[in-house]
Structures are given as structure tokens and as C-alpha cells.
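Q: Guided by the hints, dock chain B onto chain A, whose structure is given.
So the sequences go chain by chain: A and B.
Numbers 1 to 380, taken from this note's numbering, label the letters of the first sequence in order.
Numbers 1 to 272, taken from this note's numbering, label the letters of the second sequence in order.
Please keep in mind that the hints were generated in silico from the structure rather than gathered at the bench.
All C-beta atoms in this analysis are idealised placements derived from N, C-alpha and C, irrespective of residue type, glycine included.
Careful, some of the hints might be misleading.
[Said to hold, decoys possible] One side of the interface only, derived from the structure: several residues of chain A facing chain B at Cβ under 10 Å:
| hint | residue |
| --- | --- |
| 1 | Gly118 |
| 2 | Asp122 |
| 3 | Lys149 |
| 4 | Gln152 |
[Stated by the list, open to error] Restricting the straight-line Cα-Cα distance to at most 20 Å, the calculated cross-link-like pairs of lysine to aspartate or glutamate (EDC-like) are:
| hint | chain 1 | residue 1 | chain 2 | residue 2 |
| --- | --- | --- | --- | --- |
| 5 | A | Lys120 | B | Glu163 |
| 6 | A | Lys149 | B | Asp158 |
| 7 | B | Lys174 | A | Asp364 |
| 8 | A | Lys149 | B | Glu266 |
| 9 | A | Lys149 | B | Glu259 |
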Amino acid sequence: MKSLGSIRRSFAPWADPAAKPYISFENITKRFGDFTAVNNLSLDIYEREFFALLGASGCGKSTLLRMLAGFEEPTSGRILLDGQDLRGIPPYRRPVNMMFQSYALFPHMSVEQNIAFGLKQDGMPKAQIAERVAEMLKLVKLEQFARRKPHQLSGGQRQRVALARSVAKRPKVLLLDEPLGALDKKLREETQFELMDLQQNLGLTFVVVTHDQEEAMTMADRIAILDKGEVMQVATPAEIYEAPASRFVAGFVGTVNLLEGRVMSRDGATLRIKGASGAEILVENAPDSVSSGEVAFAIRPEKIKVSPRQPAEGTPNVMAGEIFDLAYLGDMTVYHVRLADGQVVKASALNSARVSEDQLTWNDRAFVSFAPDAGVVLTR
Amino acid sequence: MNTTWSRFNIASIVLGFAFLYLPIVLLVVFSFNESKLVTVWSGFSTKWYGELFRNQGLIDAAWVTARVAFISASFATVLGTLAALALTRYTRFRGRMLFSGMVFAPLVMPEVITGLSLLLLFVAIGLDRGFLTVTLAHITFSMCFVAVVVQSRLITFDRSLEEAAMDLGATPVKTFFAITLPVILPAIVSGWMLAFTLSLDDLVIASFASGPGATTLPMKIYSQVRLGVTPEINAACTILIAIVAVGVLIASVVNKSREVQRQRDEQAAQRT
Chain A
1 MKSLGSIRRS FAPWADPAAK PYISFENITK RFGDFTAVNN LSLDIYEREF FALLGASGCG
61 KSTLLRMLAG FEEPTSGRIL LDGQDLRGIP PYRRPVNMMF QSYALFPHMS VEQNIAFGLK
121 QDGMPKAQIA ERVAEMLKLV KLEQFARRKP HQLSGGQRQR VALARSVAKR PKVLLLDEPL
181 GALDKKLREE TQFELMDLQQ NLGLTFVVVT HDQEEAMTMA DRIAILDKGE VMQVATPAEI
241 YEAPASRFVA GFVGTVNLLE GRVMSRDGAT LRIKGASGAE ILVENAPDSV SSGEVAFAIR
301 PEKIKVSPRQ PAEGTPNVMA GEIFDLAYLG DMTVYHVRLA DGQVVKASAL NSARVSEDQL
361 TWNDRAFVSF APDAGVVLTR
Chain B
1 MNTTWSRFNI ASIVLGFAFL YLPIVLLVVF SFNESKLVTV WSGFSTKWYG ELFRNQGLID
61 AAWVTARVAF ISASFATVLG TLAALALTRY TRFRGRMLFS GMVFAPLVMP EVITGLSLLL
121 LFVAIGLDRG FLTVTLAHIT FSMCFVAVVV QSRLITFDRS LEEAAMDLGA TPVKTFFAIT
181 LPVILPAIVS GWMLAFTLSL DDLVIASFAS GPGATTLPMK IYSQVRLGVT PEINAACTIL
241 IAIVAVGVLI ASVVNKSREV QRQRDEQAAQ RT
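Chain A with its partners taken away, still in its complex shape (with noise of 0.2 Å):
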């Protein structure tokens, strides 16, 4: 397989089998009576990481962030921190804070008690208080808020107030749970780079608990995608896209075209698989464990080529069909191509010229091809 470490950012901890991780789920299962959120579940995260747990709801994402919290106690298995198990260790006693999707702002108190709660438990002397929380406003551009009370202040501002509370204890580990799910579109995609910064800047480990594939991919420096309590795949953005684990990975996380297939032969890295249209898909940077049986081909629709002339004779992956639908976002258009047995594949094409020559339309014939290293070979 050919390695995607050229888009890796220079900080990977966990490709580093000398790192040593920061918080560890081992073996952790936790039941609520006859529901089992988290099904033996083990997962490393790294020290400085920008860590995502990716799911629908129901998957256990949230449980899981409880967990490290202290709002719940895993059934079996054990969480360490820092090389501390956590079991039997009060939330108020953890060196971990959280910040809530409903943000929890206390309601009776002003924005700069919000922020000042947490640092008065620790009996901090009021003159550094002061210092903290006005450096916190100004950490979240919140300074001629000081005195308001969280009814008073918008959305995004109450997100950052959230955001500052959690922050103002200089916590080992930031949980957030949802943390941009109540604002609209526009405030969400500002915010997002904004919590980058701040993760790098405060040098602090966040996981982040989200069911925005969109969110977790710009934020996170590994994704780990959760279902039915199981991990399903741990990566990095750029790898849980182009290299997903399985079947579900690949369609939970964009779009994706799987074409069903058998193995027919192994040459080197190169695979011929037979379609179930009959057609044959010939893959070159196949896995190393796949060398018969039933396997699906993933590929992304970016990477399908659609065009009304044949390619010239020997190339390989082509596949005839009709415009069944398309789409034109502006930026790119997205075509739905039926297959001769009837699959649909969806194809996006970047429109990079202002008028193209060839357009296709609706009931258009057309061939779809694609490269023989552009997507995956998946058994699961």
C-alpha cells in the first residue's frame, strides 16, 4: 500500500512505537441495564493530540467521554491518565474539564463568575483569579461581556464563554462534547479554526465528541470512528478518507461507490477483481492479505473520471453507462452514472473550465473510469 505519510502532519506521536499514551481505554465495556453502550473497547490517545470520537447518535461516543470525566463508571475495563487509573476518582477530583453541548452555563452568575468558579474551588487567592479570567476573556475576545449573564449573550458568545470556563483551570485534558453543534453553519466554520488555535496554543489534549464528519476532519489530528459501542477504525483524517478500514468506515465518512467483487487473480500488488456486472476492475495497490474470496472496491466520486467518448482501447477500469442524474453545485457537478447492471455510480467532476465542451446531460451515454491505484479493496 502506498503510504499517505506525505500528507501527515509532522506531529504523530502514535506512529512512534516509543510514545507513550496519555489517556488509555483498556478493555472498557459499560452497560446500562440490558444496553451495552461501550463494548470492550480499547483506544490510546496521545499527549498535545487533537483527538475526535466519531459516530452517530447511540454510538457510545458520549458515554465514553462521560467515562473520562467521572459522570459514569465503566462496567469493566479501566481508564488510565497519565499512567493514573482513573477508577473510583470523583469528576471534582480529575484533572480533566468538560465542556457541555448545552454549554451549562450557570444561569444565576455572571460571565466572569462562570469563569472564575472553577479556579475558586481551587481556593486560588482572588488576585490571581482576576489575572486568569480577564486573560481568559481576552483569550475569547469576551472582555465588555465580563458582567453579563449568559441570557444576555448570543450563541456563539455563550459557546466561547463555555469554551473559557473550560479552559481557565489549565485542565491536562479539554473534553468537548458537541462543542459546535449549536451554532449555525457560517459561526461553526469560524469556530473550528479558532479551537485549533487554541489547542495549539494552549499545548492541551482535546478530544472532541462529534457526529459532524465535517467537524471531526478539519479539527482532529486522529478520528476514531465509533459504532454500536466498537471502534471501527482510529486515523487520521486523510487515512479514514482515502484508506478506510471497511465497508462502514468508507460509507460513514463521505461519499463513497462500493462495486462488489471476486478475486480472480494476485500478481505483485496488483489485483484483478471481477464485478458483479461482469466487468473487471484491476487494482494495484491491493493489501497484501487479500488474495481471493469477496471483496468491494471503494472509490471515491472525485476520483471518477465521466466522459461522453470511449477511452482508448487497453485502459483499464472502464465501465459504460447512461446519465441517470446529475447535479450542478457551482463548483463542481455530481453525476449519477447506471451501470449496464444497474448500479448507480456517483461521479463529481471539479468544473475547473466556465464552459466545458463536452457537457453531459440527463439520459447522455456515458463511460466512467478511474485509475487503477484510486481506491480501495475492502473486506469487511
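A: Frame of chain A; chain B shown alone:
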């Protein structure tokens, strides 16, 4: 929306208000009657108010009532709040259904039965009836009203506020006093006020539980009326009505202006 007043609307409103307030208006009007005969108007006078303040019996009764109401409302508020907390927080304890049923049963229990059972209890344990027993009886029946008021607030209380406080390092006890209590305080205050007014105008239970020397105002008024209604009683009732009306008015004005202020704040926040 149709804002014009049809004849039917006007008629029903007039009828409804007359039904509610005609007796009270009559009582207020006749409290200013010159004559000693309650039902015959003979001219305006405030002399019965003067008489009232010279009637030591009534004033003593009013003082007893006020003390009973204050003490019983305060105890009932503490007990009712604790019951409400237990019922909303510890949802999994054994016998919760039974407990909640038992807390709220006095709401629908006929007062005569509550009063009688309390009387039997006091007699059985040999407690002399008087100020203490009336107060205890009032605590008993008004704490469930407080529990209802506080519980309805606790149900909508965002638990993540408490979690946030603990997450920031506050112990559970600290969290309760710094976060939970201030947030639910308005409900506790209105629970207290409800208990206070309930105690203030209770006649039935007080008659069972009270003894010599601890006659409450409603008991006093009732016993005097049995000997014949005097304009003096009318005056006393008018003062009671005035106190209650002013209280309600202040409460609603404060509430309303707070609400308006909050909405204005929220709109202002959206603009910035």
C-alpha cells in the same frame, strides 16, 4: 386574530367576574357601613376599622396566625424541597412510587380527615394542643404543596449544570449550595408563599389541632360570625383581602418586569 368584543364575550366576562367578586365587593362595601346592621346601608364610615384595632381578641388571633404561618411555611419549605429532591434525583430507590404517592396524598385528602388524624395523634402522644400543634399540623399539610411546586421546577432543571460544577472541582455539597439551590430558588420562594397563604387561611385543620390560647384568625372570625356578623369582621376581612391583593400584585408585577427584561436582553444579545 379577532380582537373585537362580541356581545357574548362581554356578557360572559361580566357574568364570570360578578360571580367571583360580587360577594367580596359586598363585604368591602359593608365594612365602611355606618350602621351596626350589616345588611342595611346607612352611610360611609371608617369607625369599624377603629373598633377593630381596639379588639384585642382579633389582634391576638392575627398575631398567632402570622407566627404559625411563618414558622410552618419555613419548615414545610425545607421538608418539601428535600422530598422533591429525593423524588426527582434518586429515581431508582426502592419504594419510590409508594413514597411519591404518600407525599402527594395529603393534596387530595379531605381536610377533615387530616385534621382528625392529627388530633388523634396529638392526644395519643399526650401533646397539649396549642401553638405547637397547629404549627405541626400546618407543616404536615403544606409540605406536600411545596414538594409539588419544587418538583415541577426540578424536572426541567438541566442536570449538566451540576455536572459542570463538579467537573470544575466543586464537591456535591458545594454544588448543591452554589448551583442547584440558587437556580431553583424562585420555585422554593413560591413554595414558601403558597405554604404561607395555605396556613394563613386554614380553618378546618386548625380547629382540630389548636387548643386554648392558640386561636388563629380564621377560627376567631368563624366563631364571631356564629354569634352574628359584625361590621368589624367585615373590616378585618377587607384588610386581609388588601394584604393578599397587594402581595399578589407585587409578585406579578415583579415577575412580569423580570420577564420583559429577560426578553429584551435576549433580543439585544441576538443583535450583537
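Q: Against each hint, give a clear statement of whether it holds in the structure.
A: Checked hints:
1. Gly118: Status holds, d = 3 Å.
2. Asp122: Holds - the Cβ of Asp122 of chain A comes within 10 Å of chain B, reaching about 6 Å at its closest.
3. Lys149: holds, 8 Å
4. Gln152: holds, 4 Å
5. A:Lys120 with B:Glu163: Distance of about 16 Å is within 20 Å: holds.
6. A:Lys149 with B:Asp158: holds, 17 Å
7. B:Lys174 with A:Asp364: violated, 71 Å
8. A:Lys149 with B:Glu266: Holds, because 10 Å separates the two Cα atoms, which is no more than 20 Å.
9. A:Lys149 with B:Glu259: holds, 14 Å
In summary, the structure is inconsistent with hint 7 from the numbered list given earlier, while agreeing with all the others.
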